[in-house]
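From first to last, the protein sequence lines stand for chains A and B.
Read in order, the letters of the first sequence correspond to residues 19 to 584 in the numbering used here.
Read in order, the letters of the second sequence correspond to residues 19 to 584 in the numbering used here.
Just so you know, these hints were derived from the structure itself, not from any lab.
These numbers come from a predicted model, not from an experiment.
You may find that some hints are simply not true.
Note that identical chains are pooled: a pair holds if it fits in a single copy or bridges any two copies.
Calculated cross-link-like contacts (lysine-lysine; reagent style DSBU-like; alpha-carbon spacing at most 35 Å) [what the hints assert, rightly or not]:
no., residue 1, residue 2
1, K584, K92
2, K483, K443
3, K323, K479
4, K483, K92
5, K103, K116
6, K232, K584
2 protein chains.
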Amino acid sequence: MNDKKKILVIGGSAAGPKSAAKARRLDENADITIIQKAPDLSMASCGYPYYVGGVFDDRNMLLCTPTGVVRDPKFYLNAKGIVAKTETEATKIDRKAKTLTVKNLKTGAEEVLPYDRLIITAGSVPRKIPVPGADLDGITTLQSMKDADYLRKIRDEKKIQKAVVIGGGLIGIETCEALQLAGIEITVVEMLPQLLTFLDWELAKLVENHVKSKGANVITDNGVAEFLGENGKLTGVKLQNGTELPCELAVVAIGVNPNTALAKDAGLLLGATGGILVNEYMQTSDTDIYAAGDCVESLNIITGKKVHAPYGDLANLQGRVAGENAAAGNSVTFPGTIQTGICKVFDFAAGSTGLSEKAARTAGYTDIETVINASPDKPGFMTGLLLVTKIVVERKTGKILGVQCVGPGDVSKQLAIWAMAIRGKLTVEDMINADLPYAPPFSLAVDHSIAGAHIIQNKLKGRMKGISCADVKKKLDAGEKPFILDTRGPDEFELMRLGIGEHLIPLGALRSRLNELPEDKSAEIICFCKISLRGYEAARVLEGRGWTNVKVMEGGVMAWPFPREK
Amino acid sequence: MNDKKKILVIGGSAAGPKSAAKARRLDENADITIIQKAPDLSMASCGYPYYVGGVFDDRNMLLCTPTGVVRDPKFYLNAKGIVAKTETEATKIDRKAKTLTVKNLKTGAEEVLPYDRLIITAGSVPRKIPVPGADLDGITTLQSMKDADYLRKIRDEKKIQKAVVIGGGLIGIETCEALQLAGIEITVVEMLPQLLTFLDWELAKLVENHVKSKGANVITDNGVAEFLGENGKLTGVKLQNGTELPCELAVVAIGVNPNTALAKDAGLLLGATGGILVNEYMQTSDTDIYAAGDCVESLNIITGKKVHAPYGDLANLQGRVAGENAAAGNSVTFPGTIQTGICKVFDFAAGSTGLSEKAARTAGYTDIETVINASPDKPGFMTGLLLVTKIVVERKTGKILGVQCVGPGDVSKQLAIWAMAIRGKLTVEDMINADLPYAPPFSLAVDHSIAGAHIIQNKLKGRMKGISCADVKKKLDAGEKPFILDTRGPDEFELMRLGIGEHLIPLGALRSRLNELPEDKSAEIICFCKISLRGYEAARVLEGRGWTNVKVMEGGVMAWPFPREK
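The shape of chain A in the complex, shown without the other chains (with noise of 0.2 Å):
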């Protein structure tokens, strides 16, 4: 008789790997297995995007310990006491038995293993294009080390000119910069208005104007009718409006679905995201199978609500509660997820925390703040570098929704900063005065995630409206004839000008040039400078004359997404 306990995990990427190796952690003696569908273990996948770019060229380098060992079968049985079974498949869970069917997938051998703790870490599963053409050679997805490999291939072999990648999301993003940098010309296509859709427009505009700076094409609003192809061999992406991009290479990186096959076969619940339903526990509807990672639905913390959020950091956080809770007895708990997110473009980042509006709005939060903040993230003389953030805010608590953050600067301290905000449930009143770690080489004395706030503050007062450029936009479209006031000066007017019928007025001058502004004291003025500091400085000039209608163009020139007459 065997009294230690037998502990299965499915799946060898990155939650499962983590449960296990926490488990072992916390038992000595258990008999833990790791099954694995593919040939490798404990991939790095959030890396594939910098191989197939060139970033760096050894490909082990994605596998193997921060001391150089790769995470093979041999390395876990020794360094872990781990058995990992890799090319081989979970086919069916019994949980009546307690049991779970293995497929060796290169001998067909089955294997019936017995467990008392199951881990079900199954991951993710691209979304596919169901249209015409979908099984052309030449299409792939970037999802598996295998995909990385071919990637980084025709990366390498530089025989392909054109490539096409289907999706603007953040894999999307990071493909079409890991292939425009292997020389190849690329077109993203997105479905919806805006590229990485955990930004609210303006922002993912920004990010997308830097994308075409770089050479990458977009086209957003439209599908994919179909895959053109000869001989079996892609040859060019056919357009819901009827272009056609000739292309050799697609890439699909429309997004992913929970891997949930086994366990709903299993009769394991699955909750309305499509995910594995689990307790805080990271424990199914089966008390003796866990889940954690990309296959499963976590809680949204900010709004209560489940969503799907297969993030590399959550699936680690994940697998570890799960495994001491299998090891141990539920003992710890993972509360859910904020979304944190972030991704690299070019030389921008881009990220989000939180809510964006548009999720705020969805969420059902009417009462709402929002604002948008350009900066550099460094003073001038440490050459600093640009952020534009946007905070959405609950008005009538001050409570900080959610952030969004791009630009060439430091995005990942801003994120961060917000994420913890968010976390210890803090208000704008509390960001106002936060206690960040000043030195020129790091930031501004006044760092740009406090300035946001001092900014959200002044309009949660009512000492400043706002109007962000894209209602400006609306406004000057629909024939609206706002007095718009650039408050910059000459210098700056002649090297870079937005064009929409600004006047120029410097901050300077304007106390004693304010008979050039409209007479009428109710008469609609926007004010703007290169970032907006200046502009609400004219603001609070012009309000403290008398006139009555007085907004600030949020982030200024900085934050203009649309095309400037220089």
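Knowing the structure of chain A, use the given hints to seat chain B on it.
The following block gives chain B in isolation, referenced to the frame of chain A:
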């Protein structure tokens, strides 16, 4: 009769201009005047070391707006409607008459200015060393624009060969770097046993090792006895232990005191720390007088005790509060500080937020747990750089009291994360599953901060007994003979090793080589690896096999601050 509110601001560096500008934005009609002793205004004084070091050459960059306009009196008048009197000293506050006497330092003319509200932002004065020779030519501080100009000239002239920096704090270290980059041979002299006293010893030692590796000399535990000179010029520094250091330049950077002479003369209350006493509205003991910046004392939010916190970012935040309340009546508050600070040290950054272990113990915390975590900031394939972090928590509640971080990695983001965690009064449990922005260009899948929380959770749960490198060294120095187990690979051992009598058994071989461990299951065993992750796994293996006194040397080789065999 003039019913415009008269607001006078004493001081024109950080807090002063900020409070004046904020007051202006709230009251377009007020008469606002800044009294500034120096010739310049709004100097980015934290940028002086980078100007001296040649990071940039245009002196005006320290004085100008983000768009390149120098913030001189004309700028203040035109853009802000603020009168700025430079080279003008405030000499007397008459609180009864509500007037301020000021003296024009160029003409000697005196003027008495009435005020409704006075804001004192007089800054700080550098501490002096009361030893013979302190008035020799060649001795300076780096506190004023004039000092920066003086040191920059020395850099550019390239005549001086040797300099001594007295004081190993933030300014001392930054000055050391600046002068060392200028090709001057530098010795830093610090009276205490370590540099950067906001760090605990073991992290400060890592910084010291880095400073030395860059070619600068560091002498700790020693003070200045005398400045040596010839013909009125500095020729050397004599230390308290008799050592003489020949040099042509000495920079004194032993800290600053709040500049309170004027406030004290006027009978305003000072606090126990020596700074001007203010309430949460930044209001002094006279309700018509506010104060902000380096001249006041602040509340430490964690301990509830008053501290002198002369940080540039706090000066700005406090100035904003003082300006608003002076202009519009008490309406906003400054909650206090958690003393977050950071500095660049050659290729390292070093900083702290909240309490160090030392500070926590001084503040009366007795039931605390600490951990040292070392890891790269990003994956190896994205060329991650090392971070070494020490976390201090209250054991009973798990509340995070403070975090220090040093290394070539992204220290700034780590500190920002922890500063927000402390601001949100988060516990270790909250940090375990923090949702931070993850993508390989920006962080590990399990961020360094979260991994640190995981380790301290393991310690709090009794799953890991940690021991610091310093305590291991102490044991060895005291003649104790613990069994020291290096769990790295043979290649790593060949490349770099401690040489403290350790036994090399790679983690992957441990389970099959248990016979090499002490037979006595109660023998003390200390495990480590490069960063002590494998060290921790080894400890779990040994505990699982019955050894009862197994410790993990925290941070591993990367946190070992003493000389290594290799």
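Hints breached by this structure | none
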